[in-house]
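Asks: Given the coordinates of chain A, work out where chain B should sit on it, guided by the hints.
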Amino acid sequence: MRRLTDALYPLTTLAVLLLAWEASVRLFDVPNYILPSLSQVGEALWRGYVEGEYWRHLGFTLTAMLWGYAIGSGVALVLGALVAEIRLVERFVFAFVVGLQSVPKVALAPLVIVWFGFGIESKVVLVALICFFPTFINVIAGFRSVDPAVVDMMHAFGASRRRILWEVKLPGAASSIIAGLQVGVVLGLIGAVVGEFIASTRGLGHLIQNAATNLDLGTVFGAIASLAAIGIIGTQLLRALQRRVVFWERGGRGGAASVVTEG
Amino acid sequence: MSLAAAVATPLPASAAVEFDAVRLTYRTATGVLPAIEEVSLAAAPGSFVSILGPSGCGKSTLLKIAAGLLPPSAGRVQLAGEVVRGPRRDVGIVFQQPTLLPWQTVLDNVLVPARSQGLDMRAARSRAMDLIALVGLAGFEKAYPHELSGGMQQRAGLARAFVHEPAVLLMDEPFAALDALNRERMALELLEFWSRSRRTVLFVTHGIQEAVFLSDRVVVLSNRPARVVEDIAIPLPRPRTLDTMLMPDFTLLCDRLRRNLFAASGAAGRA
Chain A
1 MRRLTDALYP LTTLAVLLLA WEASVRLFDV PNYILPSLSQ VGEALWRGYV
51 EGEYWRHLGF TLTAMLWGYA IGSGVALVLG ALVAEIRLVE RFVFAFVVGL
101 QSVPKVALAP LVIVWFGFGI ESKVVLVALI CFFPTFINVI AGFRSVDPAV
151 VDMMHAFGAS RRRILWEVKL PGAASSIIAG LQVGVVLGLI GAVVGEFIAS
201 TRGLGHLIQN AATNLDLGTV FGAIASLAAI GIIGTQLLRA LQRRVVFWER
251 GGRGGAASVV TEG
Chain B
1 MSLAAAVATP LPASAAVEFD AVRLTYRTAT GVLPAIEEVS LAAAPGSFVS
51 ILGPSGCGKS TLLKIAAGLL PPSAGRVQLA GEVVRGPRRD VGIVFQQPTL
101 LPWQTVLDNV LVPARSQGLD MRAARSRAMD LIALVGLAGF EKAYPHELSG
151 GMQQRAGLAR AFVHEPAVLL MDEPFAALDA LNRERMALEL LEFWSRSRRT
201 VLFVTHGIQE AVFLSDRVVV LSNRPARVVE DIAIPLPRPR TLDTMLMPDF
251 TLLCDRLRRN LFAASGAAGR A
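Here the protein sequences come in this chain order: A and B.
With the numbering used here, the residue at position 151 of the first sequence is 151, and numbering never jumps.
With the numbering used here, the residue at position 248 of the second sequence is 248, and numbering never jumps.
Chain B on its own, in the form it takes in the complex:
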């Protein structure tokens, strides 16, 4: 499958994403419940940054804030130098669940952002067809989601996130619902695609190897309420292949992250 052909169209510039002392507190009947204690992090334009944290630590919530779906209680998120105040056109999102519309074909689903933003539909259609082929769904353009496997649905969700050519991609554990084999395959495909398009990616995951394999930087979050425990660069050479996982540095980085993650979640567990 030629990835180059699908991204032949000129790409917009990537944008920086910055979290500036973001806090989130929920008000409940019994008082206030801190979900995000304080998170500051920055992703340079065109970089791939993973947010790694234990389940339920609030990392998906961080992405929601970046997507403009949830206002932070304090602090702010900046995207391309502008404060995020609501959903933005230059952002693409891949969700944990495929969240496809069951009553629309794969093609129509992939075109959701284009329709919603009133883009030129002719151009969007041809881009959507390319993207659908790119994620391995060629021939399924007219299929409905219930006719696809879970992995195929997630691929359609991936294509949808790219159709409006966003400068920033937010990915919320996009491969969590896939089996191990598909997961690695999708990671490889994502990397290859990313290396050609060089969009800024914020990738939320609880998979240590996945984070190290994909990222330029990994930000480790603590248990809820989330705060940054560690923010490390991943200096592994690109392009990364399956062989990357065999490198001693890869193993060392994974081990370091694992220990930090254990410490972060263990400390909260004892408290």
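Chain A on its own, in the form it takes in the complex:
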């Protein structure tokens, strides 16, 4: 019930914005190749999803996103843990990775297309490349944030390194890792779209570019709304995961505790 009323406030803002959009388009008679009316966007979305033209684009982008995200995040988890745990790996890898981090990954997009082709593979690689970094950095930060007193405690009671990793470091780093994964969703989506912009025959990015060339802005906005939906749903899923996994941090943030009124 409370969550419903909580959602009411941003939804009101959204409604006002949309109304202002529609009103200004009608009031000032804006041509639809500059800014389409809401109803035109709705029409494009309706056509796209009911007649089915959008589905294959959405499917393509989602597939590239999911594979790339899984690969990028998976590698980030393993490599991050290795860097945080093994000094030698850190020495060999860390400076390198930090250097790569300051390179804007989208600059690599044309190269990736040349190497991996116009198909979905190049998009998967781009997504993986881009969403790797936030998770990688947060895994390391998370492992390092674990209280050394707790690690000492485990050592003192005879725990092996492996047990400390599973019972202490991983759960201790969970919050930070999930935060990295959350950033990764949004960044990964950028990777997919950029890849589709550059060279693709499918995907929401391709749809946007194609429609923009034809000045079909209704479709452009429809595709943007679809991308926004992917981003929002992905982020919300990870938020839910955060609440579920890192349950012990809820109380401290005032989420779990609330006054119960009896009667």
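I should point out that these hints are in silico values taken from the structure, not numbers from a laboratory.
C-beta atoms are modelled at their ideal positions from N, C-alpha and C, and glycine is treated no differently.
Wrong hints could be hidden among the right ones.
[As the list claims (entries may be wrong)] Pairwise CB distance ranges, derived in the manner of DEER restraints:
#1 82/B - 74/A: 32 to 38 Å
#2 195/B - 247/A: 37 to 43 Å
#3 74/A - 29/B: 18 to 24 Å
#4 40/B - 241/A: 53 to 59 Å
[To be verified] What the simulated footprint calls covered on chain A by chain B, stretch by stretch (three residues with Cβ under 8 Å from a Cβ of chain B suffice, anywhere in the stretch; the number is not a length):
#5 86 to 96
#6 159 to 166
Replies: Coordinates of chain B only, in the frame set by chain A:
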């Protein structure tokens, strides 16, 4: 609360702890920094020895060395006649902070040493349940640390230190985070428990009364770098109760320790 019931299981023998000319020096950018100048002390099997010293004198570091978490720069610590070279199974530790795992229940936290050492979990579980009841946390076995008060968390840490039936207990200002009332109550409970189990206890504190009340012997350390200033026996009769604190000898011993402590820290302050 019946303390006898919880320690019904047969106990292993206590072990002696000996510090033999232990030194610790840190290497820093500007040179070497002595933390422990030289400390020798011995705790007989089954005795309760307090290490009393001003804050920051390195007494917690001494316990870390005894726990095998930190190698000394020189000298050695012996436990049950063996030189300590790393964490040992026959040692239980209570830390200044509860250091509980927030993602595990009280029961799972108390079982950490048993799991880590691969003990028989059935037996360990029932022992853990008894210990949890003993420290006054019955009914909280399935609670998470964030649902407990600071005092309750520290009690869980106390139960954890006993679950693998160690011969030696190292306690690093375990009651420092508690309020005065809880502190005295925990001291009384600890004494009662100790009197039945008779493990060797090394108890680090900066509380003079606490040290006198609990111990067979009190070792006073100087300011950093630590050295032994005094090592005195506490001949007060056992079992000790709240009335012990009213005895003239108690007051005299406290006064003597206080003067020594003042002198030890004052001298360093002037230097």
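Asks: Would you mind marking each hint as holding or not holding in the structure?
Replies: Results of checking the hints against the structure:
At roughly 45 Å, the beta carbons of residue 82/B and residue 74/A sit outside the given window of 32 to 38 Å. Here the CB-CB span from residue 195/B to residue 247/A is close to 40 Å, well matched to the stated 37 to 43 Å. In this structure the hint that residue 74/A and residue 29/B lie 18 to 24 Å apart at CB is violated, the actual value being about 40 Å. Taking the beta carbon of each, residue 40/B and residue 241/A are about 55 Å apart, inside 53 to 59 Å as hinted.
Residue count for the segment 86 to 96 of chain A with a Cβ under 8 Å from a Cβ of chain B: 0. That is fewer than the three needed, and the coverage hint is violated. Proximity of the segment 159 to 166 of chain A to chain B, defined as three or more residues with a beta carbon under 8 Å from a beta carbon of that chain, is established by the 3 residues found.
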